[in-house]
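Participant: Heads up: the protein sequence lines correspond to chains A and B, in order. For the first sequence, the residue numbers in this note's numbering are 1470 to 2015. For the second sequence, the residue numbers in this note's numbering are 1470 to 2015.
For the record, the hints were derived by calculation from the structure and aren't laboratory data. Computed from a predicted structure; not experimentally measured. Mixed in with the good hints, there may be bad ones.
Copies of the same chain are indistinguishable here, so a pair counts whether it falls within one copy or spans any two.
[What the hints assert, rightly or not] Derived pair list, reagent style DSS-like, types lysine-lysine, alpha-carbon separation capped at 30 Å:
id	residue 1	residue 2
1	K1976	K1828
2	K1727	K1828
3	K1976	K1647
4	K1727	K1976
5	K1727	K1647
6	K1828	K1647
Protein chains: 2
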Amino acid sequence: MLIPQSLAYALLAGLPSEVGLYASILPLVVYAIFGTSRVLAVGPVAVVSMMAASALAPLGLQSVAEVVAAAAVLALLSGAILLVMGALRLGVVADFLSHPVIAGFITASGLLIAASQIGHILGIDGGGHTLPEIAHALWQGLPQTNFATLVVGGAALAFLVWVRRGAVPLLTGAGVRKRAATTVARIGPVVAVIGTTLATWALQLDIAVVGAVPAGLPPLGLPSMDPGLLQALIGPAALISVIGYVESVSVAQTLAAKRRQRIDPDQELVALGASNIAAGLSGGYPVTGGFARSVVNFDAGAQTPAAGALAAIGLLIAALFLTPLFHYLPKATLAATIIVAVLSLVDLSILPRSWSYAKADFAAVLTTVLLTLLAGVEIGVASGVAVSLALFVWRTARPHVAEVGQVPGSQHFRNILRHQVIIDPAIVTLRIDQSLYFANARRMEEMILERVFGASELRHVILMCSAVNEIDLSAMESLEAINERLGDLGLTLHLSEVKGPVMDRLKSSRFLGQLSGQVFLSQYDAFATLRREASGRGEGSAAAGA
Amino acid sequence: MLIPQSLAYALLAGLPSEVGLYASILPLVVYAIFGTSRVLAVGPVAVVSMMAASALAPLGLQSVAEVVAAAAVLALLSGAILLVMGALRLGVVADFLSHPVIAGFITASGLLIAASQIGHILGIDGGGHTLPEIAHALWQGLPQTNFATLVVGGAALAFLVWVRRGAVPLLTGAGVRKRAATTVARIGPVVAVIGTTLATWALQLDIAVVGAVPAGLPPLGLPSMDPGLLQALIGPAALISVIGYVESVSVAQTLAAKRRQRIDPDQELVALGASNIAAGLSGGYPVTGGFARSVVNFDAGAQTPAAGALAAIGLLIAALFLTPLFHYLPKATLAATIIVAVLSLVDLSILPRSWSYAKADFAAVLTTVLLTLLAGVEIGVASGVAVSLALFVWRTARPHVAEVGQVPGSQHFRNILRHQVIIDPAIVTLRIDQSLYFANARRMEEMILERVFGASELRHVILMCSAVNEIDLSAMESLEAINERLGDLGLTLHLSEVKGPVMDRLKSSRFLGQLSGQVFLSQYDAFATLRREASGRGEGSAAAGA
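Put together the whole structure using the sequences plus the hints.
Facilitator: And the structure:
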């Protein structure tokens, strides 16, 4: 089953089919040595193949040998980047891809890949790296549709869709056990490959086929690389590394969680890096952990890395002896297997789901989906990350400030607009729902001063800092200014519930010395103490906190 | 006093001196109409002049007329950007320049400007937009030093330094009132200008002078602009707009605060935008509110915009009738006035101050200072903003999580490592000190699971959300995963002190339906309720909160 998949993804990456085989052998063994997942299978996958195609296309290379060498260089660069990230324990970089951005990216990539394969089904050139490019190529090529190809490709596609959608219910309905039925469904692509290859050979159809695949061991050695090539590929390699890593780790974690095993994300960086170096040294192209191939291992109950080694031996035998069998394999069949595989990745439900949860998440998804489709995978995912980070920063720059009062019968304080609480006209407590830093310092200054202007009975202002996780130098200077302005208005400024790390920082400044009021350990302390003072009872009994 | 300053800053911007005069007239009147500050004086200032020089230099314009037209286009673009920002109420954009970045930028610019004027004092070409460029030019030109220029420039510089440092103490020591002494010190530049001009004329010194300044009204009209020029200047114009706005607003706010007046930051955008449009239409270059010229208004007790109008009339008379008087004004004298003015901006104390407060603030300052000096003003300030934002995001991606217990005798909960608190082996409460979003969701997942693994007596996990200001879609999915994993381990997950806006969001998801435990209004409720349950007393009396 791995063989047609490897051939197909090489086709998707714009590479000769044997490159897909080579990329499936050594990396699989290397991952088995370094990886922490017992079931992850490393090799060519759809999204990374598409990204590789999009990285290689602008180089304008003429000969196939040059493109193959550049693909190997891309794998080496990607491996080196992953190893460096692993050495620096930079797995956290992948966290900047939010779930919605990943979901949107995978969905849009799936649509883009499926669209790019329609040309192969029609027997025409339908290539391109964005939806407009593909649509234009298909429109131009439509009159040259090859009907023999369309019949073979259409039949393969219909068969594969039926196997996936209709066969399992049919078999289970006929009394076959669920597990056996799933296995039958999974060998569907193999049946399609054998069937269409035989038909093409027997009828000597004039359609695009894989053709002569050189038999032999993967060619070991360093590909030729010049500084210009490295410079052109370093950016795409970084993006492929991060996307490949995120895909691989999420597959590994999903499967590990089902068996109560744990994955070490930083070690995974090293293992994937080594696998890509292996791919680059053995005539392959960038690889990562794929969902479909790993699930096979998982279902087969793989408990040791031996499963990977066995698969590698099988692929090696195929590369050595079976390549003549693929001569008459129609490209349209491979395109059909790609389309069916990637359409299962498409899940547009992230759009309504993020819309109903939070508009910022929706904006990030929509940007990712639209720009991936319209401007390509690299711009799409980079814009998604940029938009989600920008929206996060924008929200922190406009903090929520709640005026709070005491919940009756408790020492707890909540928003006066949402709860029935006890307040005091001489005291206003503002709970600042954000870390204080340069981007919101001035705004907070204005909000506080606006609240106190014209409140004639007011004596004390308490800033409740339970949600303030940080006060940077700009914000500390703003607090100094607030303290001074409130002093001018005859008001005293107090802080409550300042956290340990924030308090440590304030102690290293002059602010606490200038503060007109006190710092209370709890908001209840602050409110109770200041109320007693304000009402004239118990003056001088202020409880100083820290 | 405004006249030599205007001439000097035009020289700094690489423009003919009359451009400085023109930029001081109409913008002053326009600001008086639209501005909210009663004392702010708009015109050429040092930092913006330097930025204009750095924007115009790479254009490679040959004739002076072209450079003058490009400077006017720069003012128009800058004005348009400010007006658009004002219309969209985007004054908040300026907040992304942190105090340390601004302080570092102003200091580094001051050093850079002072260095760039040394060549004029030596009578050689010492131009450049970075410290290495200037040092190289000075080193190359040193053998050609013009001694007459050096004597005049050195004398002017020494006199101005003495006036600033030594004259005021001397006069006040001699019984002159502080205010009168300050006024004498302020007319020092005028004395230097008149003295060196007369000396140059009387002795017919062979040194670089301002030369023939055309007399007349500012030339009204739209400068010629082509799309290429607009494209080349739009980036620098945006940067000039933001920096100019920040400088102007901070001057206006500083002076307004002293008189208990208020400034409307969004209206200031409109006023500055209109002033720059006026500068562009009357042969000027980008302007902003300057500290030195505004302080004069302030000290003179200006209460109405009439002060600006009067100054504009004075400058208009100068432009019409006094320009012949500036013919023999040595450029070295103007350079000396610039050096003395900008060195008062240099304040390196921000480096130790930010170092002792927070390393992140220090990193932002250091980046700004070094890159401004070594790579120019634009790269310097842009890198400073980028570094401060990146460090903020980086910190939020690695949140502080504290395990908390009850402070005895109160309903308040604090870190078990910092305070003597009550804990219960069956309950662990983790206070998450950060909003939960994509960049820290996975990390939080790991931290929580790490804490609970192997704690055999544990029954309940409470996440105290008092510092969680937001939960985005990625983080909500992580919470679902945590809930499931804890369920697998036989543990119940509870939330406490979830804020109103966050709760609203969670209610729109399925998470609350899946949650194995409850959401408590206060941490005390949660701890007390679960303790009663755990100890077997009062089972079923759980107080549900929201």
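Participant: Within a copy, between copies, both or neither: where do K1727 and K1976 come within 30 Å Cα-Cα?
Facilitator: between (48 Å within a copy, 28 Å between copies)
Participant: With 30 Å as the alpha-carbon cut-off, assign the pair K1976 and K1828 to within, between, both or neither.
Facilitator: between (39 Å within a copy, 15 Å between copies)
Participant: With identical chains treated as interchangeable, where does the CA-CA distance between K1727 and K1828 reach 30 Å or less: within a copy, between copies, both, or neither?
Facilitator: neither (32 Å within a copy, 42 Å between copies)
Participant: Given a CA cutoff of 30 Å, do K1727 and K1647 count as a within-copy pair, a between-copy pair, both, or neither?
Facilitator: within (19 Å within a copy, 80 Å between copies)
Participant: Can you give me the call for K1976 and K1647, within, between, both or neither, at a CA distance of at most 30 Å?
Facilitator: neither (66 Å within a copy, 37 Å between copies)
Participant: With 30 Å as the alpha-carbon cut-off, assign the pair K1828 and K1647 to within, between, both or neither.
Facilitator: Close neither inside one copy (41 Å) nor across copies (60 Å); limit 30 Å.
In summary, the structure is inconsistent with hints 2, 3, 6 from the numbered list given earlier, while agreeing with the others.
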